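Novice: Take the sequence shown: its position 179, counted from the start at 1, is 179 in UniProt numbering, and no numbers get skipped.
Take these hints with a grain of salt, some might be off.
Now the in silico label distances, taken between C-beta atoms and shown as ranges [claimed, not checked]:
{"no.": "1", "residue 1": "36", "residue 2": "165", "range": "16 to 26 Å"}
{"no.": "2", "residue 1": "62", "residue 2": "177", "range": "44 to 54 Å"}
{"no.": "3", "residue 1": "50", "residue 2": "136", "range": "32 to 42 Å"}
{"no.": "4", "residue 1": "39", "residue 2": "11", "range": "42 to 52 Å"}
{"no.": "5", "residue 1": "99", "residue 2": "136", "range": "30 to 40 Å"}
{"no.": "6", "residue 1": "44", "residue 2": "6", "range": "19 to 29 Å"}
{"no.": "7", "residue 1": "118", "residue 2": "18", "range": "36 to 46 Å"}
{"no.": "8", "residue 1": "43", "residue 2": "14", "range": "13 to 23 Å"}
These aren't lab readings, by the way, just hints derived from the structure by calculation. Since we're looking at a predicted model, the values are computed, not measured. Each residue gets a CB set at the ideal place from its N, CA and C atoms; glycine is no exception.
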Amino acid sequence: MGSVRVFRSGLAVALETDFGLFLTFDGDHYASISVPGSFLNNTCGLCGNFNNDPGDDMLLPGGVPWPSLVELGTAWQVEPAAWACHHGDCAPNCSRCQPHLESTFSSPRYCGVINQTDGPFRDCRSVLDPSSFLSSCVYDLCAQTDNFSSTVLCQAIQAYTLSCQAAGITIGRWRSRTFCGKIQESGAGELTVNYFFDLI
1 MGSVRVFRSG LAVALETDFG LFLTFDGDHY ASISVPGSFL NNTCGLCGNF
51 NNDPGDDMLL PGGVPWPSLV ELGTAWQVEP AAWACHHGDC APNCSRCQPH
101 LESTFSSPRY CGVINQTDGP FRDCRSVLDP SSFLSSCVYD LCAQTDNFSS
151 TVLCQAIQAY TLSCQAAGIT IGRWRSRTFC GKIQESGAGE LTVNYFFDLI
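Construct all of the structure, not just a fragment, from the sequences and the given hints.
Specialist: Shown next as structure tokens:
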């Protein structure tokens, strides 16, 4: 039988197996999975098929390209799904963002910070296309405008940050006292994240 090691890695929990699978989860919104090169052409699912062609990673279980993100997620859903996933519970027009909000949330003051050519992510942009992260960030902010939380914005930017760092790219300083908080060491190997944010 194989072995599994579970440990803290920064702000996330990590799981590592003896066959090389490495998974991290921050307990809230961000997960990453990596496998060794021996799995080339031997994976499938929401994380892609690992054949060095990112253009064919988003496929339904039968190998058909996905028509929408909702259908892609639903197709790979496993049982028992009733505990948290309710297909079709989205209110009419829930995925549509009002144009003025989409423009606001795409600006450098919000999600657009990851797409600035002279911003803290400038070195990452040429290696890891920020467009899907930007779209996801704007979508998430639009989906919760009735109860705006800066945490959603900060988590979306953190997802791009972690992906850039996983690719070995150093990013500039993007957190501040007024934008996504300030991380402080609180001793004993713990980190405290304080969020401060100026709303629209």
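Novice: Is 42 to 52 Å respected by the C-beta to C-beta distance linking residue 39 and residue 11?
Specialist: 27 Å, violated
Novice: How does the Cβ-Cβ distance of residue 50 and residue 136 compare with 32 to 42 Å: does it lie in that range?
Specialist: Given about 22 Å between the Cβ atoms, the range is violated.
Novice: Range first: 19 to 29 Å. Now tell me if the beta carbons of residue 44 and residue 6 are that far apart.
Specialist: At 25 Å between Cβs, range holds.
Novice: Could you tell me whether the CB distance from residue 118 to residue 18 stays inside 36 to 46 Å?
Specialist: Check passed, 45 Å falls within 36 to 46 Å.
Novice: Taking 13 to 23 Å as the stated bounds, is the beta-carbon spacing between residue 43 and residue 14 within them?
Specialist: 19 Å, holds
Novice: Indicate whether the distance between the beta carbons of residue 99 and residue 136 respects the range 30 to 40 Å.
Specialist: Given range 30 to 40 Å: violated, Cβ gap about 18 Å.
Novice: Do residue 36 and residue 165 keep their Cβ atoms within the hinted range of 16 to 26 Å?
Specialist: 20 Å, holds
Novice: Measuring from beta carbon to beta carbon, are residue 62 and residue 177 in 44 to 54 Å?
Specialist: With a Cβ separation near 50 Å, residue 62 and residue 177 satisfy 44 to 54 Å, so the hint holds.
Comparing the model with each earlier hint shows violations of hints 3, 4 and 5; every other hint is respected.
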